[in-house]
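Those protein sequence lines, which keep their order, are chains L and A.
Residue 0 is where the first sequence starts when you use numbering that gives the first Met the number 0, and the numbers rise one by one after that.
Residue 0 is where the second sequence starts when you use numbering that gives the first Met the number 0, and the numbers rise one by one after that.
Honestly, the hints are just simulated from the structure, not real lab data.
Since the model is a prediction, treat every value here as computed from it, not as a measurement.
Wrong hints could be hidden among the right ones.
Going by beta-carbon spacing under 8 Å, a handful of chain L positions derived as facing chain A [unchecked claim]:
#1 TYR26
#2 PHE28
#3 ASP81
#4 GLN151
#5 GLY153
#6 VAL188
#7 LEU202
To give an idea of the interface, some chain L residues facing chain A are shown, with a C-beta separation under 7 Å as derived from the structure [what the hints assert, rightly or not]:
#8 SER19
#9 PRO21
#10 PRO23
#11 PHE27
#12 GLN35
#13 ILE38
#14 ILE40
#15 ALA43
#16 THR162
#17 ASN166
#18 GLY169
#19 THR170
Listing some non-contacts, in silico: residues in chain A with all C-beta distances to chain L over 12 Å [stated by the list, open to error]:
#20 VAL20
#21 ASP73
#22 THR139
#23 PRO262
#24 ASP560
#25 GLY595
#26 GLU601
Even glycine gets a Cβ: it sits at the ideal position worked out from N, Cα and C.
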Amino acid sequence: MATTTTSPPPQSQSQPSSPSFPFPREYFFPAFFTRQTNITIHHAQLTKWSALILAYARHHRLFRITISAAAESDLFFNRGIDRRLNPPDIREVLDFMRKDGRAEFLRPGEGNGAADASSSAAASGGDVVFLYWRKPEEWAALVEAFVEETAQKGSVLTVYELTEGENTRGTEFHGMDNQVLMKALNILVKRGKAQIFGSEDSLGVKFF
Amino acid sequence: MFLKHIDLTTALRPSYLPDEVLLFVQDNVGLYEGKFKLPNQQNGQVYLTSHRICYVDKDEPRKYSAALNLKEVDRYEFYAGFLKSSAKITIVPKPLKRSTLHNRVVSNTGVNSRGSTPSPAPSDNAYTPPSGPPSMTAATWVCTICSFSNPVPSNFDPTTANAHTPLPPCLACGIKPTLSQVLKAAISTASNRPAATTNTSQSGISSQEISSTAAPQSSDLLTFDTRTGGGQGKPDAGVSFHCPRCTFSNHPSLLSCEMCGAPLLSQNIPSSISSSEYIRTQSPGPVKDSNSKTSQGGTDFAESVKISFRGGGEKIFYERLKSAMTQRKWLLQDAPPAPKSNRAMDDSSPGSPSTPVQKTKTAGIAGLEQLGLNMRKNNEILIGSAFEDLEALMASAKEVVALAERFAQQVNGASGDVTSKDNSILAESAHQLGLITTKDIVGGGSSESLYFSELARNLAEFLTDDSRGVLKRAGGILTLVELWAMFNRARGGVELVSPMDFEKAAQMWEGLKLPVRLRKFRSGVMVVQARDRTDDATIKSILAWLQDLHEFPPDRDVAWDWREFGRGVTAQEAAERFGWSLGVAEEELLMAEEHGALCREEGLEGLKFWKNYIGSTDPALLQKKEAQEQADALIQRLKETGLIG
């Protein structure tokens, strides 16, 4: 995984800052942008789209996308061959990914992570999707490994420190989406490896 | 031998001679030769055409099918069936020696003419007709007092009758009729018959009348003898027709029963048991008779052939056979050309007097006009002479038909638009489709299924006929609806097949093992294609075509890499490429998509189909791949360790 990315602003999904993402072959195949009716082909299509989206998100370090905005991005709109995936089809692909645990719809009023439900409500309803090119469990493992490596067990770190701090520069979760990070931390909490305290703006985490 | 082996069409029907017309089909029949069953020809269909009687075996059609020519048929007899013995029609071939036959024919005829009387006659020569209603009582006079229909006495001759001729009183009230009344009745009955028979029956009357009751047979025979052998088909005036419903003996010229109104099939079918006494082979009593007859017959001419109708239909067969024998269509085959029918282009008519006059040499437009004028004149003469009298029409039937066909083609040619070609083809095929199956032709007695199977065969022939190439021209596949329209148009607007019947017939192809099959697409569209065309073959040809599109650049610039992906094709393009109809092309593409060979693209230009570059995630395939990879890795490792070379 390329780790040399300059930290992108977390909410700017549709503006890829890094140079050319190598699109797969199918991306240049016009029929790839039409929903297939044959079940077998359709399944293959969903799989390929899912792989493409995750690879694209990983490349550009996207943690969440807004469907309406992403539909205009070059992920779903190949301007070269003038073909695009329609929003309903995008939604279907994302739904397919959700079943696979690779995406999650962020809906207002749906208490996902209890801690940051309030902030998620601010995002446009139902339009925002988390893309888990790493699943929250995997993120949790990464954070845990980092804490272990840097011998910070027992110490208290702020969430800001984890994502934006100097110490985490060079790790994968540097510049990570806060909500996704909170999901990962909550997993650690459940396992009894961490404790979250503090107010909304200045959350602190203590690792055991 | 009387029975000859025949060729069958692809649909296992007899292949017909030119001008041959199918008259009747009946299934479930068996053949006898003489009194013996033919072991291999006991279950099949019998086709009565204008020229032949063909038997097509059900199990081994190519091996045991046979036919006999009607022109070799001397006479045929009807046996109505009795208890377990099914109805049969005996067909006796023409003898080699004419002289020995005459007596037999005559005697047979004599018996036949009297066949309606139910008397168990031990032998036909000793058989005397009962005095009841003699043969000439056909005429009836209606009593003015009680309106009872009285028979005209047998010895009443309208030509010699005068005021002193004794007339019997009315049977019901006893009042004597006037002479004019009886005379009128006798004459009107006589004139009601066809011209040919009127003469003979009248001569029959006179001879009958001269000979008294003691020996009517011989004189009667002589009478029939004079009008020669072919006359069996003509109605005998003496037969009164028994109503099948109420058994009332009707006047032969009536079409429906006088008592109950039931339709009367034929004036001539000896419907009662009496005829069975004569022909039957299986019951012990009369067998002797017929035995001796056939064995005697066997010595000097070929054995008779019997068709046993186990599934009914014998009466209609008999009637159609009768009319076919009367019409003698086979004579048309070598009919002489019509008088003065010398067309400029047709030099085949020899020795026509007026040819040299018209052969004057002219050139240019005037010449062409002259030519056209001559042709029209000839046509006029031909038509004129053809309609002069019925005899001439019969003789020139061939020419008139040819003329009509040419006119039809000229009309088609004149219209000159795109459809004219189709029309002419259709007209042509309609002509070739002379042997159409109609409900009417097929034996009604058995069931509808015979009609459907015949129709199915008929359709299969229509489809596979090379000269017409219906299926070939449509790219090997045709929707059922198109075929239906084409078939019905080819029938020329008569005897149209209903869509329901058509579908039922098409569904029988599979069972009848015909070379075409009915396929149903997932959308419910039904198509017709040759049996050997499978989905795989179709997909293969489509993919090959799409592969070609990688080589040839598209008509206009496209944004994608056409060398890599080719291009999408519409149903329209596929239809043009393979000669399919649009509906078929669409269905075939969808079928290929269904199989995973193609995928779709919906865009502004409509639905296009591409070769499937998206791939499939068939779990079985993936597993196979994985297993293969594992095996490869294993082999690799083994190689590394030097265990295998």
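Tested hints:
| no. | hint | in the structure |
| --- | --- | --- |
| 1 | TYR26 | violated, 10 Å |
| 2 | PHE28 | holds, 5 Å |
| 3 | ASP81 | holds, 6 Å |
| 4 | GLN151 | violated, 42 Å |
| 5 | GLY153 | violated, 46 Å |
| 6 | VAL188 | violated, 37 Å |
| 7 | LEU202 | violated, 42 Å |
| 8 | SER19 | violated, 17 Å |
| 9 | PRO21 | violated, 16 Å |
| 10 | PRO23 | violated, 11 Å |
| 11 | PHE27 | holds, 6 Å |
| 12 | GLN35 | holds, 5 Å |
| 13 | ILE38 | violated, 9 Å |
| 14 | ILE40 | holds, 5 Å |
| 15 | ALA43 | holds, 5 Å |
| 16 | THR162 | violated, 37 Å |
| 17 | ASN166 | violated, 42 Å |
| 18 | GLY169 | violated, 35 Å |
| 19 | THR170 | violated, 34 Å |
| 20 | VAL20 | holds, 52 Å |
| 21 | ASP73 | holds, 69 Å |
| 22 | THR139 | holds, 79 Å |
| 23 | PRO262 | holds, 59 Å |
| 24 | ASP560 | violated, 6 Å |
| 25 | GLY595 | violated, 5 Å |
| 26 | GLU601 | violated, 5 Å |
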